[in-house]
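Could you build all of it, start to finish, from the sequences and the hints given here?
Take the sequence shown: its position 81, counted from the start at 1, is 84 in the working numbering, and no numbers get skipped.
Treat the hints with care, since some could be wrong.
To be verified - 27 Å max Cα-Cα, derived DSS-like pairs, lysine-lysine: (1) K69 to K83; (2) K83 to K35; (3) K35 to K48.
These are calculated hints, taken from the structure and not from any lab test.
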Amino acid sequence: MWSGRSIGSLTVQRGTVDGRVFYVGDDPFDLKIWVEAVSKALIGKPVRYIPTWIVRVMALAGDLFKALRIPFPMNSGRFKSMTSDYITPMDRTVAALGASPHTMADGIERTVQWYDDGSDRWQPGVKKDTRSMNGSIA
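Here it is, written out as structure tokens:
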């Protein structure tokens, strides 16, 4: 997994990257594995899932609410985004820059550390509505 720090410290020969655009990301992985590991590390419990069909019904209801100009956090566009895979081929990036210097376990550890170090969005045992926050994640 790539981190901002590892991206900032990349060094490659100029001819390798001149005039080229790279997507710097991770190889495809099952997000549920990552989410479960972070949840267990943070709160010691597995994630509780809402069945997909219920979320789909909520999305359709959100579409109706949108037509009525009533705010609702879910709609069909958001549902599609949440249930679609966006896999970007990383072959060119890996060939030019090398593989990511971090494993998924490293990424999970760093994420948990970020929460533990005082993320303004995370307080153990406190449910906090972050929708009104300014959008920063650090």
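- Task: Report the numbers of all earlier hints that the structure fails to satisfy, in ascending order.
- Result: Structure breaks no hint.
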